[in-house]
Amino acid sequence: MSKRILIVDDDNTVREYLSTVLAENGYKTICAEDGKEGLFKAIEHKPDLIVLDVMMPNKSGIGTFKALKKDSRVKDIPVIMLTSIQQVIDDGKNTTSDNLTFEELKGPLLGKMEKLVEYFRDGGVARPERFVDKPIEPDEFLAVVESVFLDAA
Amino acid sequence: MKLQGRFILAFAIIAFITSSLGLFSLSTYHKLRNSYLELEKVYVPSLTSVMEIRIALEELAAAAEMEPGDRRAAEKTSAAIAQLERNRDTHSAFLRLIDDSDVDKMSLHNIAGEINEIIALYEKLEGMSNKNVPARDTIIIKEKLIAKNTTLLSHIDKLIALHKKELRSAEARVRAVHDRGVRMVWGGIALSVGLAIIIGLYMASTVLAPLIKLRQGSRVIGGGDLDYRLNIRTGDEIEQLALEFNTMASHLKERQEKLVEAERHAAVGQATAQILHSTKNILNAFVGGRYMVDTALKKDDRDLLDRGWKIVKQGIERMSGLSKDILDYSRGNALDLKKTSVNPLVKEIAESLRASSISKGVVIEFSPDASLPDVMIDEKAIHTAVMNLVSNAVDACRFKEYPNGESGRVRIRTGRGKDGRDILIEIEDNGTGIPADVMEKIFTPFFSTKYSEGNGLGLSVTTKTIQEHGGKLSVDTKVGEGSSFRITLPYPAGR
Chain A
-13 MSKRILIVDD DNTVREYLST VLAENGYKTI CAEDGKEGLF KAIEHKPDLI VLDVMMPNKS
47 GIGTFKALKK DSRVKDIPVI MLTSIQQVID DGKNTTSDNL TFEELKGPLL GKMEKLVEYF
107 RDGGVARPER FVDKPIEPDE FLAVVESVFL DAA
Chain B
4 MKLQGRFILA FAIIAFITSS LGLFSLSTYH KLRNSYLELE KVYVPSLTSV MEIRIALEEL
64 AAAAEMEPGD RRAAEKTSAA IAQLERNRDT HSAFLRLIDD SDVDKMSLHN IAGEINEIIA
124 LYEKLEGMSN KNVPARDTII IKEKLIAKNT TLLSHIDKLI ALHKKELRSA EARVRAVHDR
184 GVRMVWGGIA LSVGLAIIIG LYMASTVLAP LIKLRQGSRV IGGGDLDYRL NIRTGDEIEQ
244 LALEFNTMAS HLKERQEKLV EAERHAAVGQ ATAQILHSTK NILNAFVGGR YMVDTALKKD
304 DRDLLDRGWK IVKQGIERMS GLSKDILDYS RGNALDLKKT SVNPLVKEIA ESLRASSISK
364 GVVIEFSPDA SLPDVMIDEK AIHTAVMNLV SNAVDACRFK EYPNGESGRV RIRTGRGKDG
424 RDILIEIEDN GTGIPADVME KIFTPFFSTK YSEGNGLGLS VTTKTIQEHG GKLSVDTKVG
484 EGSSFRITLP YPAGR
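Heads up: the sequence lines are chains A and B, in that order.
Per the numbering used here, residue -13 is the first one in the first sequence, and the count goes up by one each step.
Per the numbering used here, residue 4 is the first one in the second sequence, and the count goes up by one each step.
Just so you know, these hints were derived from the structure itself, not from any lab.
All residues carry an ideal CB built from backbone N, CA and C; glycine is no exception.
Facing chain B, from chain A, some residues (calculated, C-beta under 10 angstroms):
(1) Asn(-2)
(2) Leu4
(3) Asp20
(4) Lys22
(5) Pro121
Derived DSS-like pairs (lysine-lysine); straight-line CA-CA distance at most 25 angstroms:
(6) A:Lys52 to B:Lys403
(7) B:Lys327 to B:Lys383
(8) B:Lys327 to B:Lys475
(9) B:Lys5 to B:Lys216
(10) A:Lys27 to A:Lys61
(11) B:Lys403 to A:Lys55
(12) B:Lys313 to A:Lys14
(13) B:Lys481 to B:Lys444
(14) B:Lys261 to B:Lys444
(15) B:Lys302 to A:Lys(-11)
(16) B:Lys79 to B:Lys151
(17) B:Lys481 to A:Lys22
(18) B:Lys421 to B:Lys350
(19) B:Lys327 to B:Lys341
(20) B:Lys363 to A:Lys22
(21) B:Lys342 to B:Lys383
(22) B:Lys147 to B:Lys134
(23) A:Lys61 to A:Lys(-11)
(24) B:Lys302 to A:Lys14
(25) B:Lys403 to A:Lys27
(26) A:Lys(-11) to A:Lys52
(27) B:Lys145 to B:Lys127
(28) A:Lys56 to B:Lys403
(29) B:Lys301 to A:Lys14
(30) B:Lys403 to B:Lys481
(31) A:Lys22 to B:Lys403
(32) B:Lys127 to B:Lys79
(33) B:Lys283 to B:Lys444
(34) A:Lys22 to A:Lys52
(35) A:Lys27 to A:Lys56
(36) A:Lys27 to B:Lys363
With these hints in hand, go ahead and build the complete structure from the sequences.
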């Protein structure tokens, strides 16, 4: 039986794109536009994997993640989080421009982002299984999905 | 002259005048006192003794009238003689004191001698009464006595008159000294007051005036005009203070410029990060769309091809949108002002967004004010601004949970300002409202609460546009209940 994957992202291009990638590789997909709908559909369909975007309006990705992990019905479903944070941070760590050092750019924006990622990477409570950075390369994404299923098995 | 020096000089002058006045008053007092003492010590005793002489002489004359052998006559006589002897010389101090050319001093100076003569004669008489002396001799003596008595009396009277005269002129002198003293003191007071006023005015103008300049200058600088410099040339400590102030203003200006630069840097930094974020989102669409198109071409799946291409086109649109937003934001102040009717413009926006809003569960209502006059605006810019506010309002409602029966509602209305000099465009929604921490940032360029849609430039461009029209954008919001954005545009002219 093909695995069902719930995609939660406010960006319709991401939903379409990921649905296509997954469908092409034998997965069934369900989509949700925002955190609220995502939570609802997770409870209703009990997918095998949830792909969750971090930055969303109307119940942020993090909030949705926490809600999922609190709900006994869905807390054991593995979660992959989509972010564009790490890329920016990595870029930041590796780059210095002549005019502005990235230290100056970092500032509060990146500081907050870093804290966010730290929370998930090392923080106490439940962590998402994986992080995937945007823009998403199809092969990389697929590899991550497969590895998650492998771990679960 | 240095400030300190001027103050010291002013006080010295006043102290000098005051002490001069004091000294003068003191000397006047002393003169008066001496004059009175004179009166006391000399005039009065002298007059008293002269009066006693006179009385004594009268007694003698009276005694002479009495019967010889009358014991009372003898008593009277001896008492009178004693009196004469006691007062013989007292008046000489007085005579020495006066300096009057009218006085026949010769006659008056000899009063003592005359008294002696009278006393001698009485003694002789007394001697004669004991012995047996022919009556004729006694009578001769008596007649001599009477004559001398009379002469002396007239001299005494002259002396008394002189005393009185001198007393009066002494009094007059005292009064003169007193009056002059009073006049001088009043004059001195008037002079002091006048000088004090002059000095005060002088000090006021030379000290206060620059201080006032200083205060005004510091107000101007404190109010924000850091280019203002104090121009005080008084050659003293105040001028130095002014120089310090100017230096401080220069420093402040430097620091402010540095601060503005730093803020700009931070803003650019933040803006850059956000643009990066926006472009990454757009990139998603291209990557995703490309994958779908490639896969579709491989599989010859027309449907997938259409979907994929649609995604790519979305990406292109988002890209154009971002470009336009950035351009809009950084465009100059070139407004194309034309007399425009606002109601149709807003109506068109409401119409164009109606369908998509309904699909999001939000109703748009438009209540125009029919009497709204035409205003000078850049139609395109205001269109973008209102469109931005209305679509924000729709989004605010989109994400809110509504209890039974209610739905998201965006009310747009136009109207005239309170004093008739503005027109208003109000966009009110019953959406989520804006929390306080977000409120601070909503006007910041590139700040967005929408993540994948929008670039966060909408509100900042809107604000910029309105400000360039000389208008105002105000916000009223309550979390959970909704927000109201009000555009005020001046009428009739633009900026």
